[in-house]
Amino acid sequence: MSDPLTATPGRFANFEAIWDTGATGSVITQKVVDALQISPVGLTRVLGVNSSQLSEEYLVNFVLPSQVGIRGVRVTLGQLPGGIEALIGMDIINLGDFHISNVAGNTVMSFRVPSLEVIDYVKIGEARQKTQTSNPRGGHRPNPKKPKRR
Amino acid sequence: MPRDAFEGYDEPVNIDIDPEEGLKILLQVQPCEDESEPN
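Each protein sequence line maps, in turn, to chains A and B.
Residue numbers for the first sequence follow the numbering used here, so the first one is 733 and each next one is one higher.
Residue numbers for the second sequence follow the numbering used here, so the first one is 208 and each next one is one higher.
For the record, the hints were derived by calculation from the structure and aren't laboratory data.
Keep in mind that the hints are not guaranteed to be accurate.
Pairs of lysine to any residue residues, derived as SDA-like cross-links and limited to a Cα-Cα distance of at most 20 Å, are as follows [what the hints assert, rightly or not]: (1) B:Lys231 with A:Lys855; (2) B:Lys231 with A:Gly801; (3) A:Lys763 with A:Glu748; (4) B:Lys231 with A:Ser787; (5) B:Lys231 with A:Pro772; (6) A:Lys763 with A:Ile750; (7) A:Lys855 with A:Thr865; (8) A:Lys763 with A:Ser787; (9) B:Lys231 with A:Gly774; (10) B:Lys231 with A:Gln811; (11) B:Lys231 with A:Thr865; (12) A:Lys763 with A:Val795; (13) B:Lys231 with A:Pro797; (14) A:Lys763 with A:Ile832; (15) A:Lys855 with A:His831; (16) A:Lys763 with A:His831; (17) B:Lys231 with A:Glu748; (18) A:Lys763 with A:Leu796; (19) A:Lys763 with A:Gly837; (20) B:Lys231 with A:Leu827; (21) B:Lys231 with A:Gly810; (22) A:Lys763 with B:Pro238; (23) A:Lys763 with A:Arg743; (24) B:Lys231 with A:Thr761; (25) B:Lys231 with A:Ser842; (26) B:Lys231 with A:Leu796; (27) B:Lys231 with A:Thr753; (28) B:Lys231 with A:His831; (29) B:Lys231 with A:Leu812; (30) A:Lys855 with A:Gly821; (31) B:Lys231 with A:Arg844.
Okay, chain A solo, but in the shape it has when bound (with noise of 0.2 Å):
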């Protein structure tokens, strides 16, 4: 992705952001506070790997690409690496449905919300299974092409 693209300040701004299973919560960067002249709403401890300390806390709203939006998130203010400006926790994946393909090497993450179906790899392979079982030739029809022995 390009630099971030920075809109209408204390409106709306758009950045770099990455998902992270691994955090409880989402977080922003002084940058998007002052593209926003938002002002905080409260205090938080974060906790680190080794470490912990008071966090500024926000409200924004999140909007997703194709235009999900996510109204009243609380985030923390933070530090992110390498241009990410903001950091999609756990409090946002929660809401819905997240799956990550790797179908020909080609990796897509698909998000919706609400979360409308459990995705369990192990009950879909019993699945099938199952049906190799009771139908063991697969539905394998023949060649319509090859020749009968006469």
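Fit chain B to the supplied structure of chain A, relying on the hints for placement.
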């Protein structure tokens, strides 16, 4: 007519991922005007 992003929706958002970039997206962040209705 564009729909309200904050109304009900169930259409998935698909995001192609560059393996070198990771799970990055361009996220729009807005101030939350109504602080009485947190998520």
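Q. Does the structure keep lysine 231 of chain B and threonine 761 of chain A at a Cα separation of 20 Å or less?
A. The given pair, whose Cα atoms are some 15 Å apart, holds under the 20 Å limit.
Q.
Given the hinted pair lysine 231 of chain B and serine 787 of chain A, is their Cα-Cα distance within 20 Å?
A. Violated - the C-alpha atoms of serine 787 of chain A and lysine 231 of chain B are around 24 Å apart, more than 20 Å.
Q: Below or equal to 20 Å on CA atoms is what counts here, so check lysine 231 of chain B against glycine 801 of chain A.
A: At roughly 17 Å apart (the allowed maximum being 20 Å), glycine 801 of chain A and lysine 231 of chain B satisfy the hint.
Q) Has the given pair, lysine 763 of chain A with histidine 831 of chain A, been kept, meaning a C-alpha gap of at most 20 Å? A) The hint is violated at about 30 Å.
Q.
Does proline 238 of chain B sit within 20 Å of lysine 763 of chain A, going by the straight-line distance between their CA atoms?
A. holds (13 Å)
Q | Hint consistency between lysine 231 of chain B and threonine 865 of chain A [alpha-carbon to alpha-carbon, up to 20 Å] | A | Outside the cut-off at roughly 42 Å; violated.
Q.
Next pair to validate is lysine 763 of chain A with valine 795 of chain A; report whether the Cα-Cα distance is within 20 Å.
A. holds (18 Å)
Q: Assess, step by step, whether the Cα of lysine 855 of chain A is no farther than 20 Å from the Cα of threonine 865 of chain A, and give holds or violated.
A: Roughly 15 Å between the alpha carbons, so the hint for lysine 855 of chain A and threonine 865 of chain A holds.
Q | Proposed proximity, histidine 831 of chain A with lysine 855 of chain A (alpha carbon, max 20 Å) | A | holds (16 Å)
**Q.** 20 Å limit on alpha-carbon distance, applied to hinted pair lysine 231 of chain B and threonine 753 of chain A
**A.** Judged against 20 Å, a Cα distance of about 13 Å means the pair holds.
Q.
lysine 231 of chain B and leucine 812 of chain A were given as a pair; does the straight-line alpha-carbon distance stay at or below 20 Å?
A. With a Cα-Cα distance of about 13 Å, the restraint between lysine 231 of chain B and leucine 812 of chain A holds, given a limit of 20 Å.
Q. Quick one, are lysine 231 of chain B and glutamate 748 of chain A close enough, alpha carbons at most 20 Å?
A. Between lysine 231 of chain B and glutamate 748 of chain A the Cα gap is close to 7 Å, so the pair holds against 20 Å.
Hints 1, 4, 5, 9, 11, 14, 16, 19 and 30 from the list above are not met by this structure, while the remaining hints are.
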